[in-house]
Amino acid sequence: MIIVPCPHCGPRNSVDLRNCGEVVNRPNPDTATLTEWRTYLYLRENAAGWVSETWYCRAGCRRYFTIERNTVTNEIRDQS
Amino acid sequence: MPQHAYKYSAAKLLRHGLTRGTWPRMWRQPEFKDTYDVVIIGGGLHGLATAYYLATEHGITNVAVLDKGYLGGGGSGRNTAIVRSNYLTPEGVAFYDRSLHLYNTMADDLNLNVMFSRRGHLTLAHTDSALRTMHWRAEVNKLQGIDSSVIDPSDVKKEAPSLDVSPNTRYPILGALFHPPGGTVRHDAVVWGYARAADHHGVHLHQQTEVLDILCEGGTGPEGKGPGGKVTGVRTSRGDISAPIVVNCTAGWASLISNMAGVPLPITTHPLQAAVTEPTKVFLPTVVVSGSLHVYVSQTDRGELVFGASVDPVGTYRVNGTLEFTEELAGHVLELMPGISKMRLMRQWSGLCDMTPDYSPVMGFTPVEGYLVDVGWGTYGFKAGPVSGETMARTIATGKTDEMIAPFNLSRFTEGDLVGEKGAAAVGH
Amino acid sequence: MSSHRLPPQPGEVIDRSTVINFTWNGQPVIGLAGDTIASALAAQGVDVFSRSMKYHRHRGIMTADHWDPNLSLQVDDEPNVRAGTRLLAEGMQVSTQNVWPSLQHDVGVLNKAVGRFLSAGFYYKTFMKPKFLWDNVYQSVLRKFAPGGRVHWKTSTHGAYDKRYAHPDVLVAGGGPAGMAAALGAAQAGASVLLVEMAPELGGHLCWGNDAERAALDKLTTAVIAEANIEVMTRSTVTGRYDHNWVAVMQGDHPLAPERLVKARVGSLVVAPGLIERPLIFSGNDIPGVMLSGAARRLINLWAVKPGQRAVVLTANAEGDAAVKDLQAAGVEVVEVVDVRTGAMVASAVGKSRLQKVVLEDGRTIEADLLVTATGWTAPTSLLNMAGNRPVYDPQAARYFPENLPEEILTSGGIAGNGSTDELIAHGSATGVLAANRSLRLRHSRRAATARSRSPEGPAPEALTDTRTPLRREAHPECYRASTHGFVDYAEDVSSKDLIQAAGEGFDSIELMKRYTTVTMGPAQGKLETVNAAAVLAESRGMDLADIGTTVWRPPFAPISLGALAGRIFEPVRRSALQDWHEAHGATALLAGQWVRPDHYGDAVAEAQNVRNGVGIIDVTPLGKIDLQGPDVAKLLELVYVNRWESLKVGRVRYGAMVAEDGVVSDDGVTGRLSENHWLMTTTSSGAGAVWEMLEDWLQTGHPEWQVHVTPVTGGLTSINVAGPHSRQLLERLVSNVDLSSDAFPYFSVRQGTVADVPDCVIWRIGFTGELSFEVHVPSGHALAVWEALLAEGQDLGCAPFGVEAQRILRLEKGHYIVGQDTDGLSKAPTAGLGGLVKLDKTDTIGLPELRAAYQREDLPILVAVQPDDPTVLPEEAAQIVDGQTATILGRVTSSRHSPTLGRSICLAQVAPQLAAPGTVITVLMADGRRIPATVQEHHAHLDHQGARQRV
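Residue numbers (the numbering used here), protein chains in the order written: chain A, 1 to 80; chain B, 1001 to 1429; chain C, 2001 to 2952.
These are computed hints drawn from the structure, not numbers from a lab.
Backbone N, C-alpha and C define an ideal beta-carbon position, used for all residues, glycine too.
Heads up, some of the hints might be wrong.
[To be verified] Facing chain C, a subset of chain A residues (Cβ under 10 Å, in silico): (1) I2; (2) N13; (3) S14; (4) N19; (5) P29; (6) D30; (7) A32; (8) T33; (9) E45; (10) G49; (11) W50; (12) T54.
Produce the complete structure using the sequences and hints provided.
Laid out in C-alpha cells, this is it:
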C-alpha cells in the first residue's frame, strides 16, 4: 500500500485513490487523423522509471491531480 | 527425439536407482556464436516453444534463445498453470484449443512428464449477466467442438463440494461454465521440456545473456530503426550477434525491448499477483474461477491451494507484491469456501503482465523487416505457449503470417479492429 | 509413556500447578500450563511427532520453535499447527498428519523402500506411458500422498476476525535484547513504538540463558512494561514489509480473535529478529534425537524437559558450548563433545525411531540417544528482502549480513552482528534513538504536507547521523555439510544428493534448483534450508557461496490464516428506501451489481400485463442520477453525449447515448432541463459511478473554465415509475401543482412538483415500458409514503407493483436495448442503431474520430429485432445465429422473452450486416442443437413502434 500525496488531502493510502494511468495529450478530435487518435488511445510510454501520472482522490476531495512516480521503485515526487 | 537424446522412462529411473549413476544434463552450455539464423529474445515458454518448433517442424536449428536470467524465470515460472480453451470468440477458441491439444500430448512429444491434469474448469456466475456470458461462451465453444456447458448450482457442488452454493450469500453461485478438458500443467516442466528438446535439436540456449539493443538498418528512426528498416542483429551483455530474424518473446519488458527496434507497442505493464497456501489433504478436485470476485483457485497434487487474481490496478515494474492483494484474495476465497478459513497463506509472489487494450496478444511481423513479436500476453500466456510457439515458428519459416495469428497483428491498433476477447479474458483463468 | 520432566528450572515458563488435559492420536495425555504442544509431548516421552513427506521417515523435535519442520500437527479442525510454538490448551485433540493408518504402522513407509528411485524430479521422468494410466491412476495416487493436515471444510466456519490499523513511529520486529533496547531507545526519544515478538515472552535467547542473562532480561522487561510509549505484542509476527513501510503484523495474543491482522504505517522499521539456527547436512540428520542446540536448551530451560539420556554435542560456537553445560546440569550424560573448531566432525547418525549411535569422522562410533548440533546461523533477512535488499555473504562469519539499507529500515541484534548482552543492548538502544529521529522527521514532513488543522508545531527535529558502533562479525567455521549426504529440506525430503544431481542436470542456479527439487518450498519457506541449499550448489559447482546468491524470501515471513487476512468480510449491498417494503410483500430478491432489487412479486407475466392494461409501479432507484448545475452544463453534455443538447428547452427531456474515446457505446439515459442552469442526468445503474467520475475528469482536467457543479443523487432520490394506461389518472389524484395533461405535460418532458404531499419531487414523462408513464423521483426519506399512497389511491385502478422481470419483458416488447446486454465491449454507435442521434459535425465529442470512422464502415454488426417463425420457440439469450447448417457464427441473440402481449417469443439480436435487412430469415442455434428459422423485423419495437401508447 503506497502513500499517494494528494495536494488537497495530504498523504493518503493508495486505496483511497484511483490510478488513471500516465498523462497523455489528447489531440484535437475534430482535426486529428485516425492514426494520431489511435496513438493517443493505445500507445503509452510504459517507461521503467519516472512517469507523470494522474490520480483521482475518490475517497477524499475527488480531485484529479498529477504526480511523478518511479515505476521501478514506487518512489513518488510531487510535481507541484 | 533425435538419436543423441537421452530418453526418460520408468526403466531408466529403475536403472539409475540401482546403479546410482548420474543423469545427463537436460541442456548443454553452448558456445556463444556471433551469427545465428534466428535470435529469440526471452528464454521462457514462448521463446523456447518457438525455438523447438522451428527446429523440429521446419529444420531451422541455427537458433539462439537469449535470456537475461535463467530459463523460465519470468511469467513462465510465476503463473498459476491453468489451461483451458473455453474462450469467447471462435478465433480464440480455435487457438487455445490447439494449445490444449499440444499440452495433452506434450509429455510424450517432449519425453518429460509435464503432469497435465485434466481436472475440469469451473467459471462461476454470480449474476444474471455473468450467467448470460457463460451461455454465450458455451454456445460458441460447442460450435467449435469444445466440451463446455453451463451447469446449475447443484452440479457445481458435485464438481467442487467445498463451494458454498447456498442462495443467500453476497455473491450467490447461480451456475457455472463447466469445461472438463481444462486443468493444470506443471508450468516449470513445460519450460524444461521445451528447453531440453530444443537443445537436443541443436538450438543454443544462452542464459544470463541480456539483450541491450536491437540492431537495425534502413529505418526511418534514429540508428536505422523503425518502420521501413530491417533487423541486422542484437547487442547483448556477452557481445553482438548478427541475425536476419529477431523475435521478441518477452513479457514484462516487451514494450521496452520493442522500443530498441523502433517499434512502439500498445502495452502497459502491470503486476499480477498469486499466492499459495500450506499443503493440506486434497479436497478441491477442479479449477474454480470467479470473475466477479476476481479470484481463481486450484489445489496442487501436493495439497497447496494456488490462488490468482486480476492484475494490479497500478501499472508498475515492481514485483514486491502487496498486502491488500492477500486481504482481498482471502476475503473472496472465503466467500466461495467459508470452511477453509484456518488454512494458511504460505507465500505470495507476482509477475509482470503486458496488458494490451483488447486483452489479446500482439503476434507476427512488424513494420521492421525481420523483427517479429510474440508479446502482450497479459495474464493468458501460459495457456497459449505451445500454440504460440507453433504458429510463430510457422510464420518465421514461411515468411507468411500464420492464419491462426492473423487477428493478433500489430496493425489492428491502427486499423481499429480490436479482438473481442476482453469479456472472457479479463479474469479468465 | 514415562515423564521426562526435570525438577524446577530457574527460567522455566511452565506452571506446575495447572495441569492441562489433551489427547495425542486419541490417547489422553497431560501437560502443564505454559507448555507448548511439543514440550508437553516431549515431557511425556514422545520421540516421533511425524512422518516425512516422501519417504515417511520418523521425525522428532529438530528446532522446537516455529520453524521446526517436523512439528506440523493437526489440532482439532486446524491443520498444520506449529506444535513448537502453539501453547497447549485444555481439551486439544492433537494428531499426526502424514500417516496412514497410524504413526507406528504407516504404509507410506513403502516409499522409503523405493526411496533410491525417487531422486530429484523423478516424477518428470516417468508415469508418462501409458497415457490413460497417468490420466486416471497415477495422478490420483500421487494426490493421496499430499502432506499436511486435514481441512474440515464441511463443518468449519469463518470465525470472528477483526483487523486493526496502527501508526507507530517505530515498529521493532523482534523482542530479544536488541529489540527491547531499541524499543526503549526509540520510546525515550519521543517515538511511539510497537514491539512485536513471535514467542510467548519477550527476551529472545536471554529467556533460556544463564543467570546473568536472565537478570538482564528482568531489567529490560521491567523497563519496557514501564514505558508508556511502547505497545508490546507477543506470539505475534511481522509477516510482511511492503512499499512505503506498510507493515503487516499477525497478532496472536489478542484475547478474542485467534489471529488479528494489524496493518501498520510505520515511520522506521527496526528489524531485530535474531538468528535462526541452521542444521548440518549429514547422513541421519533427521533421526529423532538429532536436534539443534537451541531446541535442547529451550526444552531444558523453558519447559524443564530432559531431551535425552546420553548425548553427543557437535559444537562450532558458544551456543553449542552453552548447550553442553545445560545438558550436564539437566543430568544428561554428555559422552562426547565434537568441537568443529578443533577439526572434529560428525560423520553420520544411526537410528530409526530414535537415535542409537553417532559415527564421527575419526572413525569412532558412540552410542547415544541425543545428538545436539550447533553449527551456525541463518540471518532471517525476509523483511529486508521485501524492501529490495540483497544481503551479502561473509565467509569469515559464515553467514549473510544486510548492507546498504534504505533510510526507513534499520537492523540490530544478531542479524547485524555479534555482541555480549551489554553490547547488544547498547546497539539496540542507539538504533532505537536513530529510528525515532528518522520517524519523527518523517512525521513532521507528512504533517507539513497535510491539511492545516494537523500542521506540525515547530521545526523538524535535527537529523541525527548514524554513530552506532557496529556489532562485531564473530568468526565462525563454515560448516554446511559433513562428509556424508543428508537432508537439506526436511519438510520436502530433499537431500544434498538430490541437489547435486539437479545441478548436474543443468539446474545449476539456485532458482532453477529450487523449482526442480522443491528445496525450500515447504512450510518453513527456506528459513532452515536456503543457506544449506546454496552451500551445496556452491560446492557442486566449485564456486564460493558468496557468488551463488540465494532465493528471494517473499511475504509472508510466517504463514497467515486466510481468516485473519480476510477479516470481517465487508461486502455491502445497496438497498433502496423501498426494499424493506418489497421484501415484506413477497418480492424475490435479485442481486444486480451493487443493488438488491425486487425481481418479481410472484408472477412477472401478470405484473407485465397489468402495466399494459391498467397501471403498475416499479422501484427503479438504482437508475443513476446526477444533478448538474451551472451555466455550462449544456457544453458538458455536448461533449459527453453523441447528440445535441444546447437547444434543449427548460422542462424538456432528451435521450442521450455516450461512447468512450474508442467509440464503444458506454452508457445511455435521459437527461432533463429543470431550469435554465439546472439539469438532471440519468445513467444506467451500473454506470452511475463511472459516469460521475468521468464528468468530473472532463470538468477538472479538460475544461476547468466551465462552471458546472456535479452531484450524484442516485440514492438520495428514490425513483418510482408509474406505468400503464391509467397512470395519469392515478397520478392526478396525488399531484396538485403540476398539470399532467398531455398538452401541458407532453411526452419527454420534466416537471418539479408535489406528490402525495411530498414537495420537491421530480416528475418525468418518460418510460421504458412503452406505455403512458411517469417517473417520480422522490426525496428518499419520503419514498415509502409516496409508494404506499400510489398503491392506496390506485386500488380501484388495479395498481400493483411490478418487478425487474416484468420490466424486462415490457422493454423488450418495446425494443429498448440495454447497454452491456444488447451491446458488448466492441459495440459502436452504428451497431446500437444510433444513426439518427449521432451528430458527426460537432467539433468535440468523446470518441468523435472513432464515431466518424464507425459510420464509414459497412462490416459492423447491427442490432435488430427478431421473431422466431414458430412463436412458441424461445431462443436462449446468447443463442448463436449461424450460417445455415455450418458452424460459422453470424450473430447472437442478446435478449429473449416470451411476450404476453403478443403471445409469441421476441428477441433482440446482433447480426452481421448482410442479415440486418427486415424480412431476412436467419438461423438460430438453440442450446439443444436445433436450428430454427427466425425473421428480422423492421423496427426494434415488437409493439407500437410509432409510440402511440406512450404519447397519449
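Evaluated hints:
Because the closest C-beta pair between I2/A and chain C is about 5 Å apart, less than 10 Å, the hint holds. The closest approach between the C-beta of N13/A and any C-beta of chain C is roughly 8 Å, which is under the 10 Å cut-off, so the hint is satisfied. Taking 10 Å as the C-beta cut-off, the interface hint given for S14/A holds, the closest approach to chain C being about 9 Å. Look at N19/A: its Cβ only gets to about 13 Å from chain C, farther than 10 Å, so that hint breaks.
A cut of 10 Å between beta carbons decides the hint on P29/A: the least distance to chain C is about 4 Å, and the hint holds. Here the hint on D30/A is kept, as its CB sits about 4 Å from the closest CB of chain C, short of 10 Å. At its closest, the beta carbon of A32/A sits 6 Å from a beta carbon of chain C; the interface hint therefore holds under the 10 Å criterion. The beta carbon of T33/A is positioned within 10 Å of a beta carbon in chain C (closest approach about 8 Å), and the interface hint is therefore held.
The beta carbon of E45/A is not positioned within 10 Å of any beta carbon in chain C (closest approach about 18 Å), and the interface hint is therefore violated. The beta carbon of G49/A comes no nearer than 16 Å to any beta carbon in chain C, farther than 10 Å, and the hint placing it at the interface is violated. For W50/A, the interface hint is violated, the least distance from its beta-carbon to any beta-carbon of chain C being 16 Å, above 10 Å. Taking 10 Å as the C-beta contact cut-off toward chain C, the hint placing T54/A at the interface holds, the least distance being around 7 Å.
Comparing the model with each numbered hint stated earlier shows that hints 4, 9, 10, 11 do not hold.
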